[in-house]
Amino acid sequence: MDPLLVTQALNVLYEVVTLAVIVLGLAIVFGLLGVMNLAHGEFIALGAYVAYVCQSHGLPYLAAVPAAIAACALLALPVERFLIRPLYDRPFDTLLATWGLSLFMRKAIEIGFGGGYKSLKIPVSDSVLVLGTPFPAYRLLLMALCAALIAALLLWYRRSVAGARVKAMVGNRELAQAVGIRTDRLARDTFVVGLCFAGLAGVMVAPLVSVQPYMGLDYVLRSFFVLVVGGLGSPLGLLSGAAAIGGVESAMSALVDRTAGYSTVLLIAIFFLWRRPHGIFGRS
Amino acid sequence: MTTSLARRKFLIASAAGTALIGAPAFIRNASAAKDFKIGMFYAIAGPAANLFGPTQKACAELAVEQINARGGILGRRVQLLFANGDAAVADATKSAVRMLLEDKVDFFLGSHNSAVREALVATIKARVPYVYTPIYEGGECSPNTYVIADTPRQQMETVLPWLHKKAGYKSVYLIGNDYVWPQVTNKYAKGIFKKLGVSVLGEEYVPLGAPNKFEEAVTRIKGAGPGLVLITLVGGDNVNFNRTFAGFGLDKNILRVSSLLEENTLLGIGAESSNGLYGCMSYYSSVDTPAHRAFKTAYRKKYGDKAPILGLIGVDTYAGVKFVEAVVTKAKANAAAKVKSAANGITFASATGTMTMRNRHVDKDMYLAECKGTEFQIVETFSNVKSGQTCA
Amino acid sequence: MNTWVFDFEDVTGGYGGSVVVRGLTGAVAAGQALCVLGRNGVGKSTLLRLLHGFLPLARGSVRFAGRDLAGLDPARRTALGVSFAPQERIVFDDLTVRENLTLMRPGHPLAALAPYFARFPRLAERLGQHAGTLSGGERKLLSLLRVLAEDRPVALLDEPSEGVQSESVRQMATLIGERKAAGAAFVIVEQNLELVEAVADRYLILDQGRTVQAGDRSTLRRAELVAHLRV
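Chains as they are written, first to last, in our numbering: chain A, 1 to 284; chain B, 1 to 392; chain C, 1 to 231.
No lab work stands behind these hints, which were simulated from the structure alone.
Careful, some of the hints might be misleading.
Straight-line distance between alpha carbons at most 25 Å, and here's what the computed PhoX-like set of lysine-lysine pairs gives [claimed, not checked]: (1) LYS107/A / LYS57/B; (2) LYS386/B / LYS166/B; (3) LYS121/A / LYS252/B; (4) LYS104/B / LYS57/B; (5) LYS372/B / LYS121/A.
Make the full structure from the sequences, and use the hints.
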């Protein structure tokens, strides 16, 4: 097989699964709680900076995983209690509030770490032969981890009692309360978990991108496109959205160039907003 | 009227006895009736602000401090007025009008992109001299406008032949952001490649300001297999491209030249991705000259440990302010005709030594740097390289 | 003095600022059913929602086993021992029948529900199906089954027989009777005379948010009921 074709195919796959993980946290808080979190990208940045701190203190890279989860949870708890909870069912206000939060977090990161770039060492720097052509090992590892993470979350959501309770809360909040589910706590936990996933995504991509206070902005627009195409509240939709946006963009970039990738993605997003506002699998 | 005048005098008197730094802006304006005002546009807020803004401001203020310590320009205390140059063209234009009409600035200094420069030139209409400092594509010959910047000729005519002689690359791939500076730079570089007999295997541009990923481009480059990649990407794109490039292992066989590779960008690229990466600019913080040592000492003394990282875009505002001092002192005025004749051939201080202005551009020493980890190692110095610009 | 397992006094309240029910008082002892009767729109559902904390009381009090429930949200009241079956959106459409029944009792064997399934075999056949695919009557059965499976001392049921076939209503009445015999108490909003006559120990007839008549089984007259239930 043409080695370049293999590499480009892997690039497309890489883009799809990493994008899915990047959107995961946003999809959780938006799809399940109806909270449009404009600070999603900043929690990704927070995860990346935690990874940077861990690495610059000589800790193994895996140490960044619990550290980032802890940092995101510590921040997400008061944010949920004082910013999000009073604004449930007021989407526009939530939008404004999380936008303010994103500004605040960007500034805080800039004050703490400076405005310049940070670079993280890639934890696994070798290449692995895939069908006879070398591909960076960390990217392969990342793809596997992302796929495993998504699969685990899907399985948890579909099979576990906690997943069923979340589904119950989302589908019928009043009945959920009637059967004894403390929906305020469950919503809080769901929000925190969503933001922890954002932080986790930050840890995962940090060694591959430019880490700087405004990096969160890089992820927000594309994440929203994924939700537009995939629709809300359906894990299958998330995957198909990531495949449509990430896959098409990557494939067009490989076949033509980046500009063609962006234009195509923009056209897809416009088409969905126009013809299928609830996404591929979304319900009205 | 009388009351307001009396009040004004009272304010001036009290301002003189007050620490000026802490005084509110209106008092400072009132006391600064005879100050020499420089209207400075730099990246206060916008995509480039967090990277370049702090250094641009710090370097310009260091120059002003040094000039004022020696008595100012023509005996007038120098004062910087700031406006955002990383803004939309319309906003920058508004700031320029305000500075012209209300603040009545004596000189403009700009460190921003070419779109804003063109708008400022059209707004100022040569009523006040204007010096433009950051690296750019060349071609600015508007009246009463002066340029400190590195030009494509100064960058390309040095590094490309030198590297060809050293490494003998036979082919090249060009990648840059999609705007005028990379395209003009590449056009200039292709002329050099033609003379060297180097074939261009590919040329691609990615959108400016988009969160670009480079896996596909790097794979394309891998397939093309050039000896050299000429990179005219800026900021985060430059970081991401180089990290992806090395991540895919291409750094082992392919040399890279990056046109705008300054200290912050190299920190982002990181030590493990900078192997075989070269740049050629008029400034690196590792340049070792007596003037630069003195500059760095003064800079550290003024700003301490938290000083913004030094880099080309920042230090050129220092040279810009020093140019203003030199040219106005020599012309004894800021009138267009006098400044123009004083400017030609004038020598003024830069962070690393001196620069000489000819044809309203600067001939300067260029440094060829090879990346060693996150440090620039100067491997060659080219003295007094011509800008290649011939403004009348 | 009777010991009530669930009682309420002077219950007054409604939606937002408007008062829908005023000064309602009632009580049930263990093993009893209190039926709340009246035409559509007289405030029966509002009363149940006030009793379970979905709506705030403007005045009055609600007690479970003598404990004042003021300030407790619905989930806490349920956890204390009061089950609730609403009139609308009565099951989790996105969950399977099995999940609907075991949501709050993970690991609890469905076998314990075998006697119930024996009466409603159609549900037993649809355990793996999403509840959203059930018919209206089947959902009502599932809703009742969920409450019975929870096995709490008190259950508040809002029109359990609405849209249910008469044969199944009889089965419902039998089940409620069995649970009463086992000591459970019910507050049931109902329009179906057959079910009311079968299970009611006490009753409360509402009109325009106020009590027009209250009493126990001995004073329950079919003719009066019919007059009050005519829509």
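Status of the hints after comparison with the structure:
1. Among the hinted pairs, LYS107/A with LYS57/B is consistent with the structure: their alpha-carbon atoms are about 19 Å apart, no more than 25 Å.
2. Of the pairs offered as hints, the one joining LYS386/B and LYS166/B holds, with about 23 Å between alpha carbons and a cut-off of 25 Å not exceeded.
3. The straight-line distance between the Cα atoms of LYS121/A and LYS252/B is roughly 17 Å, inside the 25 Å bound, and the hint therefore holds.
4. Taken as a hint, the LYS104/B and LYS57/B pair is honoured in the structure, with Cα atoms around 21 Å apart against an allowance of 25 Å.
5. Between LYS372/B and LYS121/A, the direct Cα distance comes to roughly 15 Å. Compliance with the 25 Å bound is thereby established for this hinted pair.
The structure shown violates none of the earlier numbered hints.
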